[in-house]
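Keeping the supplied structure of chain A fixed, place chain B upon it in accordance with the hints.
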Amino acid sequence: GAGVSQTPSNKVTEKGKYVELRCDPISGHTALYWYRQSLGQGPEFLIYFQGTGAADDSGLPNDRFFAVRPEGSVSTLKIQRTERGDSAVYLCASSSGTGQYNEQFFGPGTRLTVL
Amino acid sequence: GQNIDQPTEMTATEGAIVQINCTYQTSGFNGLFWYQQHAGEAPTFLSYNVLDGLEEKGRFSSFLSRSKGYSYLLLKELQMKDSASYLCAVRSGGYQKVTFGTGTKLQVIP
Numbered sequence: 001g002a003g004v005s006q007t008p009s010n011k012v013t014e015k016g017k018y019v020e021l022r023c024d025p026i027s028g029h030t031a032l033y034w035y036r037q038s039l040g041q042g043p044e045f046l047i048y049f050q051g052t053g054a055a056d057d058s059g060l061p062n063d064r065f066f067a068v069r070p071e072g073s074v075s076t077l078k079i080q081r082t083e084r085g086d087s088a089v090y091l092c093a094s095s096s097g098t099g100q101y102n103e104q105f106f107g108p109g110t111r112l113t114v115l
Numbered sequence: 116g117q118n119i120d121q122p123t124e125m126t127a128t129e130g131a132i133v134q135i136n137c138t139y140q141t142s143g144f145n146g147l148f149w150y151q152q153h154a155g156e157a158p159t160f161l162s163y164n165v166l167d168g169l170e171e172k173g174r175f176s177s178f179l180s181r182s183k184g185y186s187y188l189l190l191k192e193l194q195m196k197d198s199a200s201y202l203c204a205v206r207s208g209g210y211q212k213v214t215f216g217t218g219t220k221l222q223v224i225p
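Protein chains in written order, with our numbering: chain A, 1 to 115; chain B, 116 to 225.
Just chain A, same shape as in the assembly:
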């Protein structure tokens, strides 16, 4: 079956611009996570959705970052007034909320470069 998909795969933008990153989770998965990963580091937690609501957004670095999941499926991570420090790979993961492990399935990521 289809896995987690993310678009775009690469995004190059200029400092100060607005960007949107999209995540399409595995169908039926209730939990959705956004992470940011810099080179040589582990994924850094940003936000976690359970259904439509953000259950934990404690990882969002500041108010320039916002994420939505209006229908409990697709999610969009929005970054306003981008800065060079926002450059990273943004990973999305989903999990079913059930099953023996309830492990996360990751998408391929969006590589964001802010010039």
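The set of hints was computed from the structure by calculation and includes no laboratory data. Just to be clear, a hint being listed does not mean it is correct.
No farther apart than 25 Å at their CA atoms in a straight line, the calculated lysine to any residue pairs in the SDA-like style are these [unchecked claim]:
| # | chain 1 | residue 1 | chain 2 | residue 2 |
| --- | --- | --- | --- | --- |
| 1 | B | 220 | A | 44 |
| 2 | A | 15 | A | 81 |
| 3 | B | 172 | A | 78 |
| 4 | B | 220 | A | 81 |
| 5 | A | 11 | B | 159 |
| 6 | B | 183 | B | 161 |
| 7 | A | 11 | B | 122 |
| 8 | B | 220 | A | 87 |
| 9 | B | 172 | A | 100 |
| 10 | B | 220 | A | 88 |
| 11 | B | 172 | B | 136 |
| 12 | B | 220 | A | 108 |
| 13 | B | 220 | B | 143 |
| 14 | B | 220 | A | 111 |
| 15 | B | 220 | A | 15 |
| 16 | A | 78 | A | 101 |
| 17 | A | 11 | B | 156 |
Below, chain B alone, put in the same frame as chain A:
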């Protein structure tokens, strides 16, 4: 908050056994995961522990001690394709937040 520690890098020889350790401090512990991540790719699930003890899956085993806040991933009969980063991740809290460590980059040499 949460604190997850694992070694930054390790090197091991093809055919050998390697143990990657992870220590954590968290409230509301609800399970520990190990993921494998090859360079430029997304993490993929390897193992899960929620109770104390050893879980074995083929060449990979994972151990957990909740009282010590300690886990390890054991890789046997190392192959060159096992060269990757190995991420320890802890699930905690009522809403099941999952937090990752910085990862251990394993290099397998001939």
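Quick rundown of the hints versus the structure:
no., hint, verdict
1, B/220 <-> A/44, "holds (17 Å)"
2, A/15 <-> A/81, "holds (7 Å)"
3, B/172 <-> A/78, "violated (39 Å)"
4, B/220 <-> A/81, "violated (34 Å)"
5, A/11 <-> B/159, "holds (23 Å)"
6, B/183 <-> B/161, "holds (22 Å)"
7, A/11 <-> B/122, "violated (32 Å)"
8, B/220 <-> A/87, "holds (22 Å)"
9, B/172 <-> A/100, "holds (14 Å)"
10, B/220 <-> A/88, "holds (19 Å)"
11, B/172 <-> B/136, "holds (17 Å)"
12, B/220 <-> A/108, "holds (19 Å)"
13, B/220 <-> B/143, "violated (28 Å)"
14, B/220 <-> A/111, "holds (21 Å)"
15, B/220 <-> A/15, "violated (32 Å)"
16, A/78 <-> A/101, "violated (30 Å)"
17, A/11 <-> B/156, "holds (17 Å)"
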